[in-house]
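Engineer: As a plain string of letters, each chain reads:
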Amino acid sequence: MQVAIASGKGGVGKSTITASLLYFLKDRYKLIAVDADAEAPNLGLLLGVEEWEEEREHIGAKVAKINTETCVRCGICYERCPYESIYIDEDGNYIVNELTCEGCNVCGLVCPVPGTITLEQARSGVIRKATTKYGFPIISAQLDVGRPESGKLVTEEKEWAKKLMDELNLEHMIVDSAAGIGCQVIASIGGADLTILIAEPTPASLSDVQRAYKVVQHFRQPAYLIINKADLNPGFTALREWAEAEGIPVIGEVPYDRAIPKSMAMLKPVVEAFPDSPASKALKEIAERIAEEILG
Amino acid sequence: MQIAVSGGKGGTGKSTVAINLAVELARRFKLVLADLDVEAPNDHLLLGVELAGEEPVNQFMPKFDYSKCTKCRKCAEVCEEHAIITLKDGTPFLMPNLCSGCRACEIVCPVPGAILEAFRVIGHTYVTETPYGFTLVTGKLREGEERSMPLVVEAKKRARNLDYELLMVDTAAGTGNTVSKAIEGSKLLIAVTEPTPLGIHDTELILQLGKLMGLKTWVVVNRADLGDVGKVREIAEKYGAEVVAEIPYSENIVRSYVSGRPIVLEDVPEAKIFRELAERVAGFLGGGE
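In the order they appear, the protein sequences are chains A and B.
Sequential numbering from 1 applies to the first sequence in the UniProt record's numbering.
Sequential numbering from 1 applies to the second sequence in the UniProt record's numbering.
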């Protein structure tokens, strides 16, 4: 089974909760973890991964290059670039800003001088694999800064993970997705059997999780909800009401607990570092429910 | 003049810093705040305002006039997103979700009128007057759309067309090219971080981006008491950035976050930190540094 964990908003505890759930579920199932937040990957850190066993470069992004020698400075590329990624330097040369170029090649197509603008392959980042000290493997990615295509990195991560599942005879893939609802998240949720949403009782988190849920609905998947920092804002009932109205089962609540940031500083899942803390007890119950009601 | 608030990891407090700085800086500058976290825009919620002035962001999509199409397949060949597929006989079909609207297909099509203009709404931009003396511009990607770049470009354009002295942009999490697009053109980049190992890891990435873009960069450490600020200082120094403020974990901030009222308006110690930071920014922008 493939389970995606998503939230819309960043910082609501996706990776913290994922790491703790993996910690509990590892004894019962043969798992693989995928950190699908290619722009800010943290799950490996939280699971104490210090060294990666294998690393694959992802060459896939394309970037336009302008040959200033043959460029006639007509400015057509500058006018037509859909992303305003061409600028003129102090000497009047037209230059592609590689940090914002999407590689669509429109500039190359409109350039009147053949061969002046070329589309070149660029590295978009790396995908890597490690075996955690808990025994299960993790696949993680790191987008190079300023690169497009984080979604394609995530798709490739999941393909690698699927191969490993076949080779190692693993049962479940747990995908920790990025914040937002764009290509990375779509790649994370697409192909999953179900998504576990994580939200905290704040208006911002509610708004973002509602958006993530719409993505889940696009893929016609069942969704479940975990409420993190559940006691943060006692007057705020809108999150629960929304889940109820949409028929999204709430599989548990985790209280705000200082043990969580402390465990993060120790680079350990909170359930390992502080097993008796209120958050850890709640997470244990949630893991049990996930085992019984979802993974079977 | 433009400044940016960013910071690799999600949930470190970018929006909290952005809105409080905006409220405070609006006393000194005619200010526009652009929420360019188009996948999860929240500044309006934190400011307690309803989004207004909605405009759709229409993205070009090719529409094939099959009576004119010669099935030459050039459109499909040139599509870097592989959004156009062709049947065996060369008849093109579009997969709308993959289309980036770049018009490369239209440019190469040899038959005038074989590719017609169609559009789809990929999101919206909003222009909202806040009760705090500044204008908020928001970009919001439609759910199910993959590409946030066009929304960032459009929202930023809409913000730039307004009358302002200072444009402040609040970016998404991460360090991909939509974040660079949002930051582009800034005189100052303020990276918000947490002093946890994860926060520090992601801060390094945003500092790399700032350096690549040649931006003056400051670091604001949020929830400073939950970790080791010394480590943040070390990493900041490595990239020629400076730690300019430390904000403690605070129930007051959580309450203000939840209630949609900027903390800088309250008479609490945390408000002073934002006021001092705003003063420092104003000093920098006024040529004070």
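It is possible that some hints are incorrect.
Under the rule of at most 27 angstroms between Cα atoms (straight-line distance), these lysine-lysine pairs were calculated in the DSS-like manner [stated by the list, open to error]:
#	chain 1	residue 1	chain 2	residue 2
1	A	Lys-62	B	Lys-231
2	A	Lys-268	A	Lys-284
3	A	Lys-65	B	Lys-231
4	A	Lys-65	B	Lys-157
5	B	Lys-74	B	Lys-30
6	B	Lys-211	A	Lys-62
7	B	Lys-238	B	Lys-187
8	A	Lys-268	B	Lys-216
9	B	Lys-238	A	Lys-152
10	B	Lys-238	A	Lys-65
11	A	Lys-262	B	Lys-74
12	B	Lys-231	A	Lys-133
Computed footprint of chain A on chain B, listed as stretches where at least three residues anywhere in the stretch have a Cβ under 8 angstroms from a Cβ of chain A [as the list claims (entries may be wrong)]:
#	segment
13	41–48
14	138–151
In short, the hints are calculated from the structure, not lab data.
The structure presented is a predicted model; accordingly, all values stated were derived computationally and were not measured.
Virtual Cβ for every residue (Gly too), placed ideally from N, Cα, C.
Engineer: I'd like to know which numbered hints this structure contradicts. Please list them from smallest to largest.
Structural biologist: 1, 3, 5, 8, 9, 10 and 11
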